[in-house]
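Take the sequences, apply the hints, and build the full model.
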Amino acid sequence: MSTDSATKQVPVSEGVFTWPSDEPRLLGSKCTDCANVMFPTQSGCPKCSGQSTETIELGRTGTLWTWTVQGYPPKAPPYAGNADPKTFEAFGVGYVELPGEVKVETRLTVNDPAQIKIGMEMELTLVPLYTNDEGEEVVTFAFAPIN
Amino acid sequence: MTTDDVAIVGIGMHPFGRHEGVSGMDMGVAAVRTACADAGVQWDDIQFAFGGSASAGSPDTMVSKLGLTGLQFINVINGCATGGSALFSAYNSIKSGMFDIGMAVGFDKHDRGAFRVNTRASGLSDWYGESGMALTTQFFGMKINRYMHEYGITDDSLARVSEKAFRNGSKNEMAWRRKPLSMDEVKESAMLSYPLTQYMFCSPGEGGVALILARGDQAHKYTDTPIFLKAAVVRSRRFGSFEVMAPHIALEHNAGPTVDASAAAFEMAGMGPEDMDLAQLQDTESGAEIMHMAENGFCEHGEQEHMLAMGHTEIDGKFPVNTDGGCLANGEPIGASGLRQVYENVLQLRGDAGERQVPNDPKTAYTHVYGAPGISGVTILAK
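Here the protein sequences come in this chain order: A and B. Position one of the first sequence corresponds to residue 1 (this note's numbering), numbered consecutively onward. Position one of the second sequence corresponds to residue 1 (this note's numbering), numbered consecutively onward.
None of these hints come from the bench; they were simulated from the model. All figures in this text were calculated on a predicted structure; none of them were measured in a lab. We put the CB at the ideal spot given by N, CA and C, even for glycine. No false leads were mixed into what you were given.
Quick list of in silico lysine-lysine cross-link-like pairs, DSS-like style, CA-CA up to 27 Å:
| hint | chain 1 | residue 1 | chain 2 | residue 2 |
| --- | --- | --- | --- | --- |
| 1 | B | K363 | B | K171 |
| 2 | B | K143 | A | K117 |
| 3 | A | K30 | B | K143 |
Calculated from the model, a selection of chain B residues having no Cβ within reach of chain A, i.e. all distances over 12 Å:
| hint | residue |
| --- | --- |
| 4 | S23 |
| 5 | R33 |
| 6 | D44 |
| 7 | I74 |
| 8 | S89 |
| 9 | E185 |
| 10 | R215 |
| 11 | Y222 |
| 12 | E267 |
| 13 | D277 |
| 14 | A294 |
| 15 | H301 |
| 16 | H306 |
| 17 | F319 |
Below is the structure:
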């Protein structure tokens, strides 16, 4: 991720990814009974109905399982990014399969269908979402192709 | 008890589309009045009602216009399966022996554009919507993209489904979008959620449908053409399925609620996919109709490409699908959408579908709804 030292960055929400961190990781849950992995963190396991989970840091890299491109501005709210039809920029969305863990839904740093292929290798990064009332840059997570 | 326990004896519909100055509730009231007239009953003959609406008010308040008769009226909210759930509840209320005649009604009136998702009400955190992922359209784009990759479905099939929908809609006076569109027009419309374009998606809309159900052994009191409800099933998702609004999916795969609901409905009816003469399948977008053909058991995965090219799912084809234009031509007022499918099947089985009547006197018909948060409803009708 690029860091502008003049602008303070804050996460879109606490507890979604490790922060602050030079190499952030998504935070998930692992069932202490059946080892099922979930994202984001949650109590209760949808696989075995177990009631005990522990927070884990998920892998940073994986393969793209499927994808689309958000071609029109999402309704705001709930969307907090740029929803102005005049300046809206399409963004990719997909599921990245983290080996041995889970598939996570995520924004992609690429939006050109010609650049995106099922099965491509990807890694976690952060992208700017909007500037809040305090002038801070709010960031959320995304996956970027590994070149 | 036999599977002829419950019959649909009256149907009513308010046209789908956009109706300035008409509330969703009033569309529901209009549908109820039409259904009562169709069954030849008065409102005070109706012993119970299940009503569904996602965005247009509490259905039970419609009694202030229909008449305060004291009937049991229960509101149903169950995502995109709201109409199917109202019908399932009405079915069981008669099948249990508790009542002789009652009603399932659904109506809605949504804002223009894609559904605005309330992330918290969906059990999701605010960051999910703030980050731009709380859009049902993304799910449909991602599901069909993966499906095309796995099973060799092409853009031509996506466009063919829309072309068929608008052609069928042009023959349906109740439909919203009645102008036929060519495959090229469908493909060249705005790309909303790759690989799906504007005319491959249905839109949230407005409308109302009411169905009157009665004990099968009393059905002939109301109609010469009772249509029997052989099965009504609603299923939620199981671990490992790929559903709308899911921040994660498990690595292991499960086929999903449509496959489960379909299998349970066929078992309940004592029939199989080969026994069905036509079907209305959830077509939130054109890819959904394609995937749901296989998930409901009407073909193998990947066979749809050939079936569509050969016209098998046209009104005069081997297995007509979405004869009224489906969600694509009718729009999706959530509370009414599943009931709209059943309304169409009743018309088809009665032989009253006019210009879009399926030929050769169909005897059986199937409906399927799917929606957030991973729920499917199926009915099987027979005469």
